[in-house]
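Undergrad: For the sequence shown, position 880 (counting from the first letter as 1) is numbered 880 according to our numbering, and the numbering increases by one without interruption.
No wet-lab data here; the hints were simulated from the structure.
Cut-off 27 Å, straight-line C-alpha distance, at most; resulting in silico cross-link-like pairs (DSS-like, lysine-lysine):
{"no.": "1", "residue 1": "K496", "residue 2": "K534"}
{"no.": "2", "residue 1": "K313", "residue 2": "K372"}
{"no.": "3", "residue 1": "K1000", "residue 2": "K974"}
{"no.": "4", "residue 1": "K1036", "residue 2": "K1000"}
{"no.": "5", "residue 1": "K450", "residue 2": "K717"}
{"no.": "6", "residue 1": "K1082", "residue 2": "K1061"}
{"no.": "7", "residue 1": "K496", "residue 2": "K455"}
{"no.": "8", "residue 1": "K770", "residue 2": "K711"}
{"no.": "9", "residue 1": "K533", "residue 2": "K501"}
{"no.": "10", "residue 1": "K935", "residue 2": "K1036"}
Computed spacing ranges between beta-carbons, pair by pair:
{"no.": "11", "residue 1": "L718", "residue 2": "E1015", "range": "51 to 61 Å"}
{"no.": "12", "residue 1": "N437", "residue 2": "L633", "range": "54 to 64 Å"}
{"no.": "13", "residue 1": "E673", "residue 2": "L994", "range": "14 to 24 Å"}
{"no.": "14", "residue 1": "L633", "residue 2": "T394", "range": "53 to 63 Å"}
Computed from a predicted model, the values in this text were never measured in an experiment.
Just so you know, even glycine gets a beta-carbon here, dropped at the ideal spot from N, CA and C.
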Amino acid sequence: MLERTAANLESRSLQRVFHKTSIRSRRLHTGFWQHGAAAIDLSSSLPGSVRTAQTAAPEPETKQLQSNLLASVLVLDFLYPKSTLPLLRNLYPELPTSQYAQRTAIVPTRRAYSSIIPPNTTDTNEADDNNEKTEATTPNQPGRSHETAQRYEIADIAEDPTLFPGGKPTVSTKAGPELQQVRKLRQLLDGKGGHFQDVWDQYQVLDNDQRSFLRGQVVQYLSRSHSIVETGRALSIFRQIPPKSWDNDTLTAGIILLLRSGDLPSAVECFKTGLETRGLNRGLEYLMADAINSKKWAAALEVWISFYKDRIKKRPDALAPDLARLQQLASLPAQGAHYFGFRAYLVGEGAEQFKKIREDPVASLALSSFRKFFANMALREPCRPRHAVVILETLKDRNAYNTYLNTMIDRWMVKQESRATMERLIPIYQNFRQLPNAQPAITVLRGMFKICFPKRSARLEEIKDDWIRYKGGLNQWGYEKFLKYYAERGDVRAVKELWPKYVEEFPEVLQSPRGFRSTINVYAQLGDFENAKKEMEKMADEYGVEPDLDSWNTYLKAHLRTTDYDTVMKLFDDIAEKHEPDAYTYAHAMAMAAKRGDLETTLELFTKSQQAEVPISVEMGLSLVVAYCQNGLLSEAESLCIELTHRKLISEAIWNQLINFNGVEGNITKVYELLKRMREFGVEWDDNTYTFLLQALIRVNQIHPAYNLLKRGVEEKLFLVTPAHFATIMAAAARNKEYELVESLFRRMQQSDLPVTFSAWVALVAAAVKRKPGVKRTQNLAKEFVAYFEKAVAAAKTTEESIPDEEIEATDASNLARLRAETKFLGRAITLLTELRDFGSVEELMGLFVEIFPQFKNQQLPPDIMASLIRALNYDQRYSEAISLWDKTWESAFASSRKRSGGGILTGTEYSLSRAVDAVATTFKKAIEPELLSKTVDKVTDAGFKLTRQNWVRIIRDLSDMGRFERAAYWCEKMLMPGWQGWATPRRNALMMLNTRTLKPPNSLLYRLQHKWIEMRKMAAWSPDVSRVLSTFEEKCPRLHHAFVTSEIQSMPTAYLVNGKEVSPGELDKVLQSLSYHALLKVKEALLRELQKETKREQNLGVASEPLRDIDNKTWKEMLHSRVRRYAALWHSRRNANFELDQALDVPNPSGDITIEAKAMGSEQPDDQVARERFSYWNAFWDRYDQRVHGEKPRPKIPYSHENHHGEKTWTLTAENRKQMAKKRAERLRRQMFDD
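Produce the entire structure from the sequences given, and follow the hints as far as they go.
TA: Here is the structure:
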């Protein structure tokens, strides 16, 4: 029936069925063809080709029938007996094969409904073979064994020696077609194509004697296919081959087939059988790879030990068998994880097997050799450093250390490993150098230098010592790199000591400027351009080497470290006249312009570089980004970063600056977005990235998240932790009075190998001064400032009269470049010493600073340091000297901050005078010089400088206190009031207020000005000058006037009389909380009467304020009264019930009647106002909501409804019922007392 159905299918119908199938039918066809016919390819025999032939020439009926029959055979060929397949192919040569549709994936397990013959199932081929044997055997002849079956009685086959290379079969007379079949199969087996179906079909038509010679080759051929069909067929043939007939190739193919079918135990047994029977050991690699990859450690050990014992048996004199057979296992992924899984197996699940192996000496030796090879293989992969550190500690082999470190360094050079991963190699190298026979290779030393440069000072010194100890001295590369390292640190002494050794060993370097680069660069890093110039003159005069462009670029960098903008630009023009500027020349000049915020000059220099066809460098891109950020163009800077990244100018420094400026703005969300973008663009985070991230978190007052990030960085080694990370969080914790956190971070810093920097000492002393300023420990900590600079002075000396290197390295005081970068903390140190009244240490500290950096003898100190010196003079009440020092600070800052065009101040220096102005404002306040303060503010603002919110608050407050209300109101209206959003500040502005550059008046300042305004209004009726000032104020300061008239405060008593005793407003709250409800009502009525009298008095004097709006005076009170009425009634009923209970128990009432009168009516002081508002919320909460008896459990709230709040359940009836219940309880208690 099936044949007729398939034969009756028309060509077009069959094509339509295949091309237009639904999802359900597609799944049905897939399952159908996988059932035994998955290897059939229908593409070549679809009706399309048949239909083309029909259109070319009309076919007779027989041909049409043949075509239909072809369709029948095509669809249902797997239903025919195997012996009929050759006949079908003779009838239909176009019958397709399946070699063009083979699967390429390894099928780990046999799926259901497959045509693979199970291992224990007898193949139909065996029945056919037995039948053939029976037919070929005469009755008088017994059944032949496998050896006797090799003799054929085919004459033609015997005449062809190429068909059976293994032996010549006997001759038979019927050999024509069979010889053709064997020869065709041999051609297929010798070919390289994938004709798996043809091979199987040809194999099936052979008799049993013919198959026995070709089974091994057929198995090998079919094992090339990954199809599940061919795998099952090959396995069925392989199981027919006796083990004595196996060879290495056949055994390998059989093992591959068993592993492909997911039968690892059978593959192991097959390998052991071949090893014991014929000494075959091929296929070991596949078994070990599969066992390791699937974590079948018992099978892996069994295979390896069997192989090891066999090789030892054959070669007893060999110490160990050749491990080259396992080299192919190097392609396995995650070998480090596999190795640790193997170790865990030996001590866990495989402990019993491990115990038995150790009892056998040969097996124990096999396990030891395999573990060592496995470990080395994991190192060569290479595995992750967390795995490698354990493996290397176990091996203790210097060659393994060198191999692993070299492999990782090579991968890092081609950007296959991250910087964070390479940081984990430092502990591995530490263990390596402690080996007794350690011998680091030159490539390892060079690679470790690159990893540690330039932040790992202690590690770099160890690398230098190891280089000298193991290699006898530095080579030229080593000298140049260590000279560069010392020059980057600004360590003049180290450069002066190492450079003579360098030129002595390599005298040819004195003939080129390259040999003198480090001697010039060490002064350039310190900004000491005078000594840098001397080194260039020395190079030309003594050695006859003229400075090249690189030397002049280094000299330009020395001027870049200073604040002399004009000198840098002039020097750039001079260099451009002598040489053709390169990318570094333009980058230095652009960096100076960008640092000052001169975007116009930066873009001009960049345009010149492009016109000169100078390629864009990372340094030039960094200058452009900084220039945009200095001018507040953060979105343009971000677009520029993305553009540079697309141009393959990938640099962490560029993105770090973008994160830095967004963090200064307090935009932490944008910081997180930029970090994500860096990951997307493949830009790696470095230690500076984490520094700016910590600073951004601190800007938004997230100190503890920043501390947790640093803690994880230290414990989990997420990134390179530097002293700057510790100092940043310590300073923030000190500002927020979290002194324990400061002490904890300082202890962590001391326990690590990081040096204690000057900024860390400043943060520690700041916390100690705020916490316990008078104790001896704080005084001793403050003296550490001087001690630190004394070590720095000793490190800067080039003579032999200096302190030992061990004391210098304890604090890293020889890093003068970092000390110069931390100059801003010097001002804070001076302020702390001033607060401790240690003026002698201040003078000594300044003397040491000038000694370290002699260039400051001829130029002005930074404005922040000058501000600290002005504060010190204020504490010493030397106001005239403080004002004189301010004048010098102003002149130098104004001269160095002007634009080159002369119009205005550079953007990068707009806030440079904020600290100095704050200090001099204090001087003017203490000296009572309002005119000087007003002129100074006018001078600073007219020049183009900007002041922070803290500056304006101090200036306005001081001007108001010194009687300059009109000027104070003017500055408040102009600078602060544009950012005022009402008395109730929105909560979303809390983060914005953390930025001191956000100008907005605090409420305390407005209260202070309002207090002055109210006093002036009271005097306006008698003073025309005051009246004129008020009218001018209302006209010129509309925002400030609106704030005054919309304030809730009109007139507030500053003192009260309670039963004749004067009480402050703060103490009045305690008195009111102890009163009963009736007493509070009497107090309220008395205060209202006093308020009415004061209001009437002000109206009679003509100084009464404007009436409040109706919504504030009437509607708001009605709304408030309706809300509080329910709570008051309930509270009243409870108080009455408790009062009656007290009367029943004869409990005395200590409060009694009380009278409270207001005294000294007038405006409240601003400080008292702030203190009163701080507790107003809690007082209101107590008065309205928290009137329950102490210890009473809260009752569940009854939802509002008509049934719950009307009729018998109204509040009045409820209160009456509770009153009756209280009387009953009182009566019950009285009876109990009388009964007792």
